[in-house]
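**Q** Each chain, written out:
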Amino acid sequence: MKKTTKGAIAAGAAAALLLGGAGTLAFWSDSEPIDAGAIESGNLTLDVATGVWADETPGTTTGTLFDPATDLIVPGDVITYTTAATVSGIGKNLEATFSAILPAESGTLAPYVATALTVDGETDGGDSLVFDFEDGDTQTFPVVVTFTFDPTTAGLVGQDSTLDLASFQLLLAQTPNGVVTP
Amino acid sequence: MPSRLPAVALGTAAVLSLALAGMGTAAYWSDAETVPGTTLRSGSLDLLAGTAAAQVQDHVFTALDATNAGPGSVAQAPLTLRNAGTEDLRYRLDGTVVTPTASASAFTTAATLVPSAASCPATGTPVGLVLVPTAPLGSATSAYRDLDKGRSEVWCLRVTLSPFAPQATLQSTSTGIVFRFRAEQR
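Going line by line, the protein sequences match chains A and B.
1 is the number of the first residue of the first sequence in the numbering used here; add one for each residue after it.
1 is the number of the first residue of the second sequence in the numbering used here; add one for each residue after it.
Hints in this document: simulated from the structure, not taken from any laboratory.
Note that CB positions come from ideal geometry on N, CA and C, so glycine has one too.
It cannot be assumed that every hint is accurate.
Stated by the list, open to error - Reference excerpt, derived from the structure (chain A facing chain B, CB under 7 Å, subset only):
{"id": "1", "residue": "Thr-50"}
{"id": "2", "residue": "Val-52"}
{"id": "3", "residue": "Glu-56"}
{"id": "4", "residue": "Ala-116"}
{"id": "5", "residue": "Phe-141"}
{"id": "6", "residue": "Phe-147"}
{"id": "7", "residue": "Val-157"}
{"id": "8", "residue": "Leu-163"}
{"id": "9", "residue": "Leu-165"}
{"id": "10", "residue": "Ser-167"}
{"id": "11", "residue": "Leu-170"}
{"id": "12", "residue": "Leu-171"}
{"id": "13", "residue": "Ala-173"}
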């Protein structure tokens, strides 16, 4: 073999190697963008309206209006504070439980006044209120605090006294739906 | 021993993830609203008795005092009753306490509602609404009367020593009389 022939073969091999080094550029290929769209999260909200006071003493002849700033209570009185809670939410797996816990009453009048919390007619503080927001929902229900001045309070007991009820919290909390929590 | 470092790092990561999982539902959504606190105040029921000028809880009714009273003697004096509480009330003459008890039968009493203390002279029959018709002192009571807060009324109280008071037991004795009024919430 002539030296020139060897040289040509070597050059060809080198060219082939170079081409091979360029990889798949020369092969067929296809690509498509995938539009996965957007994933949106849902929502969960709780709102409370301004409360309303009322005198619900059975047989009262002085009307149902009550203003705690000026009106004084006496044995047998039944006073209510009513507010409306609105729960709203949406989410495929969204479930939520409502709850409210009344704080202890204090003050010199406390021993003579019973305080009760009623949520949507239930006396369990709303623990029984479980909402399913799978398709989106908004519900409003009453939250009522009832103060009852023990009608058996006799003599001059409990006069010129005060009852203090601290602020309390209403809570709407998501409960796991199909999720096992450890 | 540098070769053990990756294993230590892996172990730490595992502990962290376990700790996060242990927080349970704290990671879920929740919304809280606060309902403001409140203060309720109680009123008061307070019936006071006294003169037109001043009324107290336990009034000493010296205006009705009588000395050297004999059979047929009459003592008469005005008593102002005032509602000093924050609530409307109803009240009545609830009874009397006579000391000694045995003397009660020798006295009668009567009460009349008069417009003012001046309408209740020491003698003479007062003009007004009869609250207690002449009755034995021991059993004198009146019907309930409404008395709104801040208002007052004047009673003209009369005590008469019976013309037939037994001399043997009452002569040179002293008799104490307590008029007891009762007020109720209404």
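**Q** Each hint needs a verdict: does it hold in this structure or not?
**A** Hints versus structure:
| no. | hint | result |
| --- | --- | --- |
| 1 | Thr-50 | violated (9 Å) |
| 2 | Val-52 | violated (12 Å) |
| 3 | Glu-56 | violated (14 Å) |
| 4 | Ala-116 | violated (14 Å) |
| 5 | Phe-141 | violated (13 Å) |
| 6 | Phe-147 | holds (6 Å) |
| 7 | Val-157 | violated (10 Å) |
| 8 | Leu-163 | holds (4 Å) |
| 9 | Leu-165 | holds (5 Å) |
| 10 | Ser-167 | holds (4 Å) |
| 11 | Leu-170 | holds (5 Å) |
| 12 | Leu-171 | holds (5 Å) |
| 13 | Ala-173 | holds (4 Å) |
When held up to the earlier numbered hints, the structure conflicts with 1, 2, 3, 4, 5, 7 and fits the remainder.
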